[in-house]
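Letter by letter, the chains look like this.
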Amino acid sequence: MRRRVVVTGIGLVSPHGDSPGAVFDALMEGRSAVARWSAGGAPPALAARAPFEAARWFTRLQLAGVDRVSQIAVAAAESARADAGLDALDERSGIYVGTGMGGASAIDEAFARHAESGRVPPLTVPAFMPNAPAAHIAMRAKVHGPVLTYSIACASSAVAIAEAAKAIAAGEVECALAGGSEALLVPGAVRAWQALQTLAAPDWEDASQACRPFALDRSGLVLGEGAAFLLLEPFDAAKARGARVYAELAGSGVSCDATHLTKPDVAGQVRALFSALRAGGLSPADVGYCNAHGTATRAGDVVECEALAQVWGDDIGGLAVSSTKSMHGHLLGAAGALEAAITVLALERRAIPPNMHCASQDPACRVPLVREPQTRAPRLGAAISNSFAFGGTNAVLAFRRCD
Amino acid sequence: MSTLEELKQLIHKTFGIDTAALKADAPLEDYGLDSLSLAELLFAIEEHFDVDLPDSRSGVNTLAGLAALIDDLRTPKAA
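Those protein sequence lines, which keep their order, are chains A and B. Under this note's numbering, the first residue of the first sequence is numbered 1, with each subsequent residue one higher. Under this note's numbering, the first residue of the second sequence is numbered 1001, with each subsequent residue one higher.
Next up, chain A with everything else stripped away, as it sits in the complex:
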């Protein structure tokens, strides 16, 4: 029999800090963490960097061959475990991690040194391999069950969470740390994103307002950095140990457009949305909030709104929508996990973080946007988080309050 799966722990290393409560408060106030970024001779860019003190989590010796993407993953995962009040995990636990790029700092340094001197650091490979974050979490938490990595661009960590929940529901594991990590704010990677022509036009006067999802004057995404993890476990186990339950992960839906490598597609997103609702036993009218993918690209935002409109139909008026990327930027492989955490906190607090920097909503984006800070939603019972990836994979997570 399929078991119910709940969220009992949240751990973050995010552009708004590492305390889930404080991060949510900052978002409710509409505070943006986007700022000017520059390094290593790359042209200046805008980005939302996550403040992080490695020394709180690692000795210098432990840091040998550990890329920033793994460092913040360990910190966020350990925080989620501690937040759930669990001292130890075991062989019946699993780790499910999403990352888009892996160890970008290690790659960047190796390629730079290859070009300069030909002397490349010996731990480059174990530092950049995409499954390094999961392996480091496993070693730290002593998890001996499945330790898996999902690399599905911007849907990586949403899929990781969906897969973890399925494994718990099926009884394959008793507990999972599921989330994602991304840390690619290094000169070579930022240059690659600039070359792709999808980044928001830099507004040096007020960098913090550069990401404008669903706005008429939106001009692209802003890169973010961070890690986010959820501790997932069966509902019955959480109740039995008296754990605080943030919300139930009611269901998930995953689909692939299979039409274009980078251009999103309404039909594929509609399939993922329907599938998540069906898996969660939810009808559109039950869902009061959608944390949108909303990257603020010209094409992407319109497609997402069209997909929501098709699925919600006449019930669209009851769906409050916001893209919190307007404040924390696009965490790529970690975006789904950070936004899942925000969605869970929105349910727990019955409050909806705003879609900032949208003075004039694009008429082609016809969804009920929440644009005001401090919006309360006293009857909020269920919410979804959308993650739509390059490569065409769409992932939707549906959460429900556990009252």
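Please keep in mind that the hints were generated in silico from the structure rather than gathered at the bench. One or more hints might be untrue.
[Said to hold, decoys possible] Under 10 Å between C-beta atoms, here's a sample of chain A residues computed to sit facing chain B:
{"id": "1", "residue": "61"}
{"id": "2", "residue": "64"}
{"id": "3", "residue": "121"}
{"id": "4", "residue": "122"}
[Said to hold, decoys possible] Pair by pair, the computed Cβ-Cβ distance ranges are:
{"id": "5", "chain 1": "A", "residue 1": "381", "chain 2": "B", "residue 2": "1047", "range": "58 to 66 Å"}
{"id": "6", "chain 1": "B", "residue 1": "1025", "chain 2": "A", "residue 2": "244", "range": "51 to 59 Å"}
{"id": "7", "chain 1": "A", "residue 1": "114", "chain 2": "B", "residue 2": "1016", "range": "21 to 29 Å"}
{"id": "8", "chain 1": "B", "residue 1": "1047", "chain 2": "A", "residue 2": "87", "range": "37 to 45 Å"}
{"id": "9", "chain 1": "B", "residue 1": "1012", "chain 2": "A", "residue 2": "19", "range": "27 to 35 Å"}
{"id": "10", "chain 1": "A", "residue 1": "259", "chain 2": "B", "residue 2": "1009", "range": "57 to 65 Å"}
{"id": "11", "chain 1": "B", "residue 1": "1052", "chain 2": "A", "residue 2": "129", "range": "21 to 29 Å"}
{"id": "12", "chain 1": "A", "residue 1": "281", "chain 2": "B", "residue 2": "1047", "range": "58 to 66 Å"}
{"id": "13", "chain 1": "A", "residue 1": "139", "chain 2": "B", "residue 2": "1021", "range": "21 to 29 Å"}
Where is the CB? At the ideal position from N, CA and C, for every residue including glycine.
Given chain A, put chain B in place with the hints provided.
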């Protein structure tokens, strides 16, 4: 500064280990170095001292041994 002292400073800089805790004749594992951190240390030594450590360093497992090897490699060879 002697090579041994320079090596201790380098280890301190690389791994944050207190130089006072570093003994000339103790096995490197005693400081918590595993095969990965040792690889990083050897790379740092090559960079710092501008030497090429031979692939086989059999028997060299102490700071004194490493310092002697570095001195040997840095000594100009007679033609």
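Cross-check of the supplied hints:
1. Hint status for residue 61 of chain A relative to chain B: holds, with the closest Cβ pair at about 4 Å, below 10 Å.
2. The interface hint given for residue 64 of chain A is met, as the beta carbon of that residue sits about 4 Å from the closest beta carbon of chain B, less than 10 Å.
3. Hint status for residue 121 of chain A: holds, given a least beta-carbon distance of 6 Å to chain B, under 10 Å.
4. At its closest, the beta carbon of residue 122 of chain A sits 4 Å from a beta carbon of chain B; the interface hint therefore holds under the 10 Å criterion.
5. Distance hint for residue 381 of chain A and residue 1047 of chain B: a CB-CB separation of about 59 Å, consistent with the stated range 58 to 66 Å.
6. Taking the beta carbon of each, residue 1025 of chain B and residue 244 of chain A are about 53 Å apart, inside 51 to 59 Å as hinted.
7. Checked against the given bound of 21 to 29 Å, the beta carbons of residue 114 of chain A and residue 1016 of chain B, roughly 28 Å apart, stay inside it.
8. Range check, residue 1047 of chain B to residue 87 of chain A: Cβ separation about 42 Å, and the 37 to 45 Å hint holds.
9. Between residue 1012 of chain B and residue 19 of chain A the beta carbons are some 33 Å apart, a value that agrees with the proposed interval 27 to 35 Å.
10. Range check, residue 259 of chain A to residue 1009 of chain B: about 59 Å between beta-carbon atoms, so the 57 to 65 Å window is met.
11. For the pair residue 1052 of chain B and residue 129 of chain A, the beta carbons lie near 27 Å from each other, so the given range of 21 to 29 Å is met.
12. For residue 281 of chain A and residue 1047 of chain B, the Cβ-Cβ distance of about 60 Å falls inside the hinted range of 58 to 66 Å, so the restraint holds.
13. Restraint check, residue 139 of chain A to residue 1021 of chain B: a C-beta distance of roughly 24 Å satisfies the suggested window 21 to 29 Å.
Of the numbered hints given earlier, the model fails none.
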